[in-house]
Amino acid sequence: MNMPMSPVSNLQEKVEQAVAEVGKVVLGKDKQIRLALCCLFSGGHLLMEDKPCMGKTTLSQALARTFGLQYSRIQFTSDLLPADILGVSIYDQNKAAFTFHKGPIFSNLVLADEINRTTPKTQSALLEAMEEGKVSVDGNTRDLPHPFFVIATQNPVSFSGTYPLPESQLDRFLMRLNIGYPDPVAERQLLLNHDQRANLVNIKQTLSAEDVSAVQAAISTVQTTDTLLDYVQRLVAYTRQDDKYSFGLSPRGAQALMRCARTWALMHNRKHVLPEDVQTVLPSVVDHRLRSVADSSGRNAEAYSQRLLTEVDVF
Amino acid sequence: MQIAAAVARPSFKDMLLRAWRSRFIFWVERRIPPARNIVLSHRNIFIIPNKQGLGFLLVLALMFIGAINYEISLAFALVFLLIGVFVLTIFYTFRNLAGLHLSAVPGSSVFAGEKAEIIVILNRHGERCYESVQVSFPGSRKLSCDLLEATEQRLTLYVPTEKRGYFAPGRLVVETVFPLGICRAWSLLDLDFRTLVYPRPEDCDLDWILSNQHHTGNTTIVRGNDDFHGLRDYREGDSLKHVAWKILARGQGMYTKEYSSNIDEKIWLRWDMFPTLDTEKRLSRLCWCVIKLDAAGIDYGLELPGFRLQPAKGQVHYQQALQALALFGLPAGAGA
Amino acid sequence: MSKLAGVIPLWRKTNTASKKKVAAKTTEFYQIPRTAFIWLLASVVAVIMPHVTHLPIWLGCVCGLCMAGRVLIWQGRMSLPGNRIKLALVLVMVVLIVVQFGRNVFSTDATVGVLLVGITLKLLEMHRPRDVLTVLYLCYFTLVAEFIYSQAIVVALYSALVAVIITSALISLNQSEDSQRPWRTFRLAGIMLAQSVPLMAAFFLLFPRISPLWSVPLQSKNGVTGLSDSMTPGDISQLARSADLAFRVKFSGEAPAYSELYWRALTLDDFTGRQWRHGLILDLPQSLRANTTDNRPWFQNIEYLGRTVDYNVILEPTYENWIYTLEMPQIHDDRMLMGRDFEVGTIRRITQRYTYDVRSTLDYRADATDDGLSQRRARRVPTETNKRAFAFATELRKTAASDEDYIRSVLDYYRNEKFFYTLSPPKLGDNPVDEFLFDTRSGFCEHFASSFTFLMRAAGIPARVVTGYMGGEFNPYDSTLTVRQYDAHAWSEVWLPGKGWQRVDPTAAVAPQRVSQGSNMTLKQEKEFMDEAGFSLMRFRDSKLLNDLRLQLEMMDYSWNRFVLNYNQDMQLQLFNNLFGTMTRLKMLLSVIAFMLCITLFVVLVIFRKSAKTPLPPATRHYLNFCDYMAGLGFPRHTGEPPLQYLERMSRQHPQWRHELEGITREFIHLAYKSNQPDPLVLKSFQRRIRRARLLS
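Protein chains in written order, with our numbering: chain A, 361 to 675; chain B, 40 to 375; chain C, 2 to 698.
Okay, chain A solo, but in the shape it has when bound (with noise of 0.2 Å):
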């Protein structure tokens, strides 16, 4: 793969080839993959919720891939310690010192599977370190490399085992994807064919670490008019007033929508941002940040932002 020479402008052809290599082994996925892509372009970190073996993990992995980045994946379970991700000192006998044995969250990519199973004092070092992009280990800051993703994975809040996570942490992850069931077409391949996994490794390397500075730094160029803005505001203000929700979306929510929005209009070759933009990507970016008053586990939260779509009008 040779550097183009300008990324952002062939951007939509990338993404159509790593969408191709990637639904060599996620069927019948391409919103979910664009999307997840989105994700990874602005930037942030993706959290995907679905039921058991509904291919979260595999997806996470085909990603990582197509991105060629150097990627760890962590298996989060109860007995987890932050020290297992992070890394431990340990004295070195021969040099009479401490030396720091790096965990697995050094790398580029961090598949973080079935994250709300470990204990939150486990969770929390992870997502200290999403946060803040560094991690301080007996009282030294290492930094992480960069770029720096994390794509977790998580079950549904409600299966037993779980620890689910805080509200607050909740809204570190950009956006939030469920997989779904696959549809009867992507069923039938997935049945005619053997395991799909095995076709992991066949994954081609479409995109690369430069893509996604070069998207970033072009988020900024896109173009937002007043009639856009004032539809994201109406959206923001309906859920701050709506009292199905028992808390409206904040300012970091309203800012990663817009910023998943530009991503989206680059990614389909517009330097403008459309209604459409926004609202094919708000679910995912609003969905966990929102919480509704009558179902208080977060749940369902889909049907509220679909009422967002439907209620707030474009004007």
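Don't read these hints as lab results, they were simulated from the structure.
Glycine residues also receive a C-beta, built at the ideal position from the N, C-alpha and C atoms.
Do not take every clue at face value.
[Said to hold, decoys possible] Pairwise CB distance ranges, derived in the manner of DEER restraints:
no.	chain 1	residue 1	chain 2	residue 2	range
1	C	ASP179	B	ASP244	47 to 55 Å
2	C	ASN105	B	GLU188	50 to 58 Å
3	C	ASP179	A	PHE460	55 to 63 Å
4	C	GLY664	A	ASP586	17 to 25 Å
5	A	GLN583	C	LEU602	41 to 49 Å
6	B	THR190	C	GLY664	55 to 63 Å
7	A	THR501	C	ARG188	42 to 50 Å
8	C	ARG188	B	PRO370	51 to 59 Å
9	B	GLY165	C	LEU602	50 to 58 Å
10	C	MET589	B	PHE63	54 to 62 Å
Using the hints, position chains B and C against chain A.
Chains B and C in isolation, oriented as in the chain A frame:
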């Protein structure tokens, strides 16, 4: 017969008044249907000169008589000018409400008997400014606000509650007499608002409840003082007694030692714990227990007829428990 | 388990709620908001200010003390007075006012005084918002009281300012303390008053004027200068010290020659030897009220000969019963009637500015035949005093061939014997005519008129003194004639058989300039002239610039008086006739209503000019118009449906529309989402495109 009439007369007047009032309310209900976000307009604003306005007119009448009797042209002019001002004030006062957007959001949750916190949001769009707009719910204080530079104001009103369950305050009264105080424009709005009121907590012997738990063998770790549990980064405000001085002495930074206590139970709060009490009393006691246990950070489960909440803790769990208590036994559609 | 009790914190929630109740307690004393208080004080001061000059001094002091007290109370250095003190204060005030005004307790001055004291005392009693309102409403009311004293333009402007201040105070009362901005409040009040001006004008022009419901107590004549119904030497020269306005005249045709401008008011035919008085009043005005003026017998004695002059006079209040006209007036006005001596009296005393129209015939013959009575009155001479003059007259009459000849020789006497026309003649003793004619020989017009009339009567010719004004000042800007107090004059009338009453002005024999150019030109060298005029523009009449300025101001003042202050039922009707031709009552009512509606509509539009909605960008507006149109066809855009999605849906349902719809949608997206400043040309073509699409399908 005459005596009866004499007795009946005031009550007849009362009846008439009441009938008129209920007719008015019925009319308002139809005229201003409930909505979450209401824009004030000619459809829902009422306007009428108030007592001060009648006083103003009386003064104008006196001035007019003076003008006639002394045949003073300028006095006529002044009276007519003030009549003009009076007419304009009707429009000005109306304008001071028209176009205002109102909605309400619940504040923090309350227990029955407390005052429900309701945040009324006033918004203005466009250039028009609003001044001295007063809002109140029946039973709350009247709050006044201006929307001059700001485009949004949030006013917190406290409305007394009595029963658990969904609480809907009466119609919101929005009114203004600005600018001259001689006309009153007002509106009665149903902001389609409801907030959950938890049962009134009542004190009970928690120790007794705890000691009567079935032992399940599960162990919960509660931050306490018993055993050393681990180290964590020092945060400002941590007790200096708990700083890991040894590690600090090694030059590895400041850490806080964490200790833990073990309580080897998950507590179940059950409906049949208070067999002698009626429903409301039971709910009140249970509510009290939930608050206490949440504050202590102990896992607890809740079991009501037809409802079961697995032992857990945290804000979400706490709210679920209280909500179950608040809505227990109420028809599903009540206020929903 | 017992250790758990220590772990569980005390339950907090219900305690916080009960604390909130405490705050709801109402405050005992109403504290007027700071800024509103300043506005209130400003209103009261502004209202009292103009009355200071005509109020007793102690009353002004009381007002000042009350206000000072109010400020102290407000600062918390003094407490509100108790009921007893208030009662005492009120009683003291009542007593003081009764003492001050005595029998005139119900006069306007007293009423205004009571009003002002009431306002300021009320300042000390403010327990409720209602008390503040009362004060402000009283302030409005007091503005009317001010107009009783003066309705000049300056007063009107000042009152408008005060009205804005009072209205500001009212607004300020209804504003929250944090958002008080005095200038904004003042501006709002000003705008509100300005916006009600059209409505006021409409009311003013159209509202039917009603005649007074009951007669109001008259004001005293204090401090009003003007002619009285008697004349002693020195009376009129006193008037020449004042430059106050007497009346203004507007001629509807060409004005008569200056020397014809004799504004006749009273005939004085009763002479005491020193004082001329208006004799026996035969014609009680009330008894004659029912008669139409022209039926009375003496009018048949008037022959109107020459050209007529029509003019309109606006008379300043004189607190007397007569008006001023040129000779010989014809009156067609219910409010006045003509007396035996052709004076014109009014039925009511003139306490307001008074407008009347007169037609005068400059050439006339009146009372040509002797009816006995009035001539007899005009022959009476007191013989105890002024014996030298009497003898002189008898001597002179003997040498004269006829009455006319005698008159001529008397005038010659004045002309030839060094008589001086002066404002400051020496004092005269018991025989004023003698002393003037033979010793001092310097005097003002009253001396000449008085001595001339005496000499006539002594010779048996019926004669009387006439007082009034002579001349005036023409304003070139609006060609009105302004007559001032210093134009006051006295002259004589003699009766000659066959010719009737003839005007003879002996002053003209001595100082012809007085008659041809006016007292202003004649007397301006004398230091007493206009020395009571104070510092006014009248003093600078020699400066061209300032004099022009003065004349222009007077022109404004005249129009103000004529068209604003004297606007009455007649003018109202005339206005309507001019505007709409003959009016029926219904037509008038309808036009009034229509007019008012228009004005109200306009004002309302001005009030609501600021939109309560955020204005949509033009492209969006056009697009939404288009969507409305589509909805009208039965294909509405759903709430929250973005344009491209709508396009997709429509194209699926109606592939034949795809092309047009796509064009519109793409153009809209280009306009609305590509840039904040869309190209106006593209916008225009977009609008046209939508219009075309609506027309075609």
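Results of checking the hints against the structure:
1. ASP179/C with ASP244/B: 47 to 55 Å: holds, 51 Å
2. ASN105/C with GLU188/B: 50 to 58 Å: holds, 57 Å
3. ASP179/C with PHE460/A: 55 to 63 Å: holds, 58 Å
4. GLY664/C with ASP586/A: 17 to 25 Å: At roughly 24 Å between Cβ atoms, ASP586/A and GLY664/C fall inside 17 to 25 Å, so the hint holds.
5. GLN583/A with LEU602/C: 41 to 49 Å: Since the Cβ atoms of GLN583/A and LEU602/C sit about 44 Å apart, the hinted range of 41 to 49 Å holds.
6. THR190/B with GLY664/C: 55 to 63 Å: violated, 37 Å
7. THR501/A with ARG188/C: 42 to 50 Å: violated, 59 Å
8. ARG188/C with PRO370/B: 51 to 59 Å: holds, 57 Å
9. GLY165/B with LEU602/C: 50 to 58 Å: violated, 22 Å
10. MET589/C with PHE63/B: 54 to 62 Å: violated, 40 Å
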